[in-house]
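Participant: Here are the chains, one letter per residue:
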Amino acid sequence: MVADSFDFIESKLQVHCAEVNCLQTVMPWAVTRELVTKVEDVTDPKYGCRPEERSPSIQIKYGMVNVDKPPGPSSHEVVAWIKRMMKLSHAGHGGTLETE
Amino acid sequence: MLPVALEEATKVVQGFLYSGKEYVCAMQVHADVPEETLRGVLGEFVGEIYQKPPLRASVKRETRKRSIYRLEVHEVDGRMVLFTCSCQAGTYIRKLCSDIGEVLGCGAHMRELRRTRAGPFTEENGLVTLHELSLAQSEFEAGNPEPLRAIIKPMEIALSSMPRIEVRDSAVDALCHGADLAIPGIVKLDSSIVKNSLVALFSLKGEGVALGRALMTTREILDQEKGVAAKTERVLMDRGRYPAMWKH
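For the protein sequence lines, the chains are A and B, in the order given. When we follow the working numbering, the leftmost residue of the first sequence carries the number 1, and every step to the right adds one. When we follow the working numbering, the leftmost residue of the second sequence carries the number 1001, and every step to the right adds one.
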């Protein structure tokens, strides 16, 4: 009788763990997104510009660089260096790499 | 790797700061542990964990919950363990290693760490060394923008893993002035928007216009004809690129 209940609990636990594991394997960046249309509309080519067609100076202004960070300097120092080198008004990074 | 946002693009950082991270880590354990035990203990750290930020941390030292999506051991060589960790933003890997050491009973510490992903940015998509960047910059200053153009990615990439809403030309300038997004301005939207989630507002040309907080679900937006769908939190685009229809 006792052994039976243990088996029962064990089987429930396994099912639960499988579900939890299944949830955890969906990484936030791997979520597939779908668009639905509310209304049909077109954009006027007179205004704005597709991101890939920006002029070099605008491209910099709205741009990002994926830097291969050298291990020595901190993320902050790397950003400060880029800012000075490219003569930018500001620059920022997405979170620090925790090594120090 | 370190994704660096230039000038106006610094505004998108908020959007991907909280997206997942992936690291390759070398950890040293402080005693000889059978590989099976080691793999078993690492397996226990997959899922939701409690973590107290380390002494030297940039956040308040308060135990908090963090998700570990995946821990994959690549190699065990004596007391050195090489593994990949996919985790929620704000997970301290140094702390993870010492906590693994605690569970093992013998202690462990992080020897080396390399980030391989920050949200949509990975090591595979065009990693640039500082040297390459400075060469491209001098070419740019000498009148050849091509090398720099090849290196710089549009800020919109940082928004690619967020739910998005595409708006009409006539709604863009109002958003640029900080107005909230009303339903009549919406053309297309993500199929699974939940209330209070951060959404990226795009023009029909695929330009990032603003970041907003959803006030309605996808269903509500599709079913209703008026009302505020998203509260504008951060404007990305300069004013005046699209006509100011809202002034009339």
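Accuracy of the hints is not assured; some may be wrong.
[As the list claims (entries may be wrong)] Quick list of in silico lysine-lysine cross-link-like pairs, BS3-like style, CA-CA up to 27 Å: (1) LYS1188/B x LYS46/A; (2) LYS1188/B x LYS12/A; (3) LYS61/A x LYS1231/B; (4) LYS1052/B x LYS1095/B; (5) LYS38/A x LYS61/A; (6) LYS1231/B x LYS38/A.
[Stated by the list, open to error] From the derived model, a few chain A residues whose C-beta atoms are all more than 12 Å from chain B: (7) ASP7; (8) ILE9; (9) SER11; (10) LYS38; (11) GLU40; (12) CYS49; (13) GLU52.
[What the hints assert, rightly or not] Partial selection, computed: residues in chain A whose CB lies under 8 Å from chain B: (14) LYS12; (15) LEU13; (16) THR32; (17) ARG33; (18) ASP44; (19) GLY48; (20) GLN59; (21) ILE60; (22) VAL78; (23) VAL79; (24) ALA80; (25) HIS93; (26) GLY94.
I should point out that these hints are in silico values taken from the structure, not numbers from a laboratory. Fair warning: this is a prediction, and the values are worked out from it, not measured in the lab. For glycine and all other residues, C-beta sits at the position ideal for the given N, C-alpha and C.
Participant: Each hint needs a verdict: does it hold in this structure or not?
Facilitator: Going down the list of hints, with the structure as the test:
1. LYS1188/B x LYS46/A: holds (21 Å)
2. LYS1188/B x LYS12/A: violated (43 Å)
3. LYS61/A x LYS1231/B: Between LYS61/A and LYS1231/B the Cα gap is close to 25 Å, so the pair holds against 27 Å.
4. LYS1052/B x LYS1095/B: Roughly 8 Å between the alpha carbons, so the hint for LYS1052/B and LYS1095/B holds.
5. LYS38/A x LYS61/A: violated (32 Å)
6. LYS1231/B x LYS38/A: holds (19 Å)
7. ASP7: It holds; ASP7/A is separated from chain B by about 22 Å at its closest Cβ, greater than 12 Å.
8. ILE9: holds (19 Å)
9. SER11: Per Cβ check, SER11/A is outside 12 Å of chain B; nearest 20 Å; holds.
10. LYS38: violated (5 Å)
11. GLU40: violated (8 Å)
12. CYS49: violated (7 Å)
13. GLU52: Answer for GLU52/A: violated, closest chain B Cβ roughly 7 Å.
14. LYS12: violated (17 Å)
15. LEU13: violated (14 Å)
16. THR32: violated (10 Å)
17. ARG33: At about 6 Å, which falls below the 8 Å cut-off, the nearest Cβ of chain B leaves the hint on ARG33/A intact, so it holds.
18. ASP44: holds (5 Å)
19. GLY48: Because about 5 Å separates GLY48/A from the closest Cβ in chain B, which is inside the 8 Å limit, the hint holds.
20. GLN59: Where the cut-off is 8 Å and the nearest Cβ of chain B is about 6 Å from GLN59/A, the hint holds.
21. ILE60: Given a least distance of 6 Å, the restraint on ILE60/A holds.
22. VAL78: Constraint on VAL78/A satisfied, holds at 6 Å.
23. VAL79: Nearest chain B Cβ about 6 Å off; hint holds.
24. ALA80: violated (11 Å)
25. HIS93: holds (5 Å)
26. GLY94: holds (5 Å)
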